[in-house]
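Chemist: Sequence:
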Amino acid sequence: MTCLLALHAAAAPATDQIKVERKGELLSLSWRDAEDQLQGVLTPAVPRPGEPLRLTLSVGNLQGPPFRGAVTVAFSREGVPGQVTRTLTRDAVGWSTEFVPDEAGAWDVDVRFLTTRPKAVHARFTVSEPPVPPMVWRVLMGLAAGLLLVRVLYAVTRRGVTPEHPIPPLPQAPPPEATSAVAEPPPAGSPPGVSTPPEDPPADR
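Numbering (numbering that gives the first Met the number 0), first residue to last: 0 to 204.
No wet-lab data here; the hints were simulated from the structure. All values derive from a computational prediction rather than experimental measurement. Wrong hints could be hidden among the right ones.
[Stated by the list, open to error] Here are the in silico distance ranges between beta carbons for each label pair:
(1) A13 - N60: 19 to 25 Å
(2) V155 - P130: 17 to 23 Å
(3) N60 - D90: 17 to 23 Å
(4) T42 - P64: 39 to 45 Å
(5) T71 - R21: 55 to 61 Å
(6) A143 - A13: 19 to 25 Å
(7) K22 - L147: 18 to 24 Å
(8) E50 - R150: 36 to 42 Å
(9) R85 - K18: 20 to 26 Å
(10) A13 - T115: 19 to 25 Å
(11) Q38 - P130: 48 to 54 Å
(12) S29 - V79: 25 to 31 Å
Each residue gets a CB set at the ideal place from its N, CA and C atoms; glycine is no exception.
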């Protein structure tokens, strides 16, 4: 029996936890106990770093006169408590404020107010990084396609050219000295390596 009670206590939501539900373009907040209730909205539904989000709360007693006191809210990134704390007074729509988260991740908002006794409740929401614009994706895909085309063309032009079969060099013309200085063959009967002196011209008679 003790184990069952412990499991039930672990599974039950905390009594000071505000329920957060997404409804269209906003996050709906709701909480209540035996004496008071809290409702509110957080917009936009998908907060982004560096973009303002607006919190609007409505706090009321379940019995007795309407609550008109001050409400204190504190925004904090997970693990960094009490980064921004503000005391709100009631306006035409309730208790509202704006906040600009500086980083993505899990954020907490703590709400405190005093009715028959001090109340402190908490909500958690997620700040998400903005998606990559479609134009950036198109540019990246175009660059990738261009690089692939260059690699394919390079592979086609280099096909068959290997270290064993390099590209043959272009033929070159022989130097002019080699074409003009052509040796005459020695006359028949001359031993190899012995040159025959030229004959004297006939004398005039």
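Chemist: Under the constraints set out in the numbered hints, which ones does this structure not fulfil?
Modeler: 2, 4, 5, 6, 7 and 11
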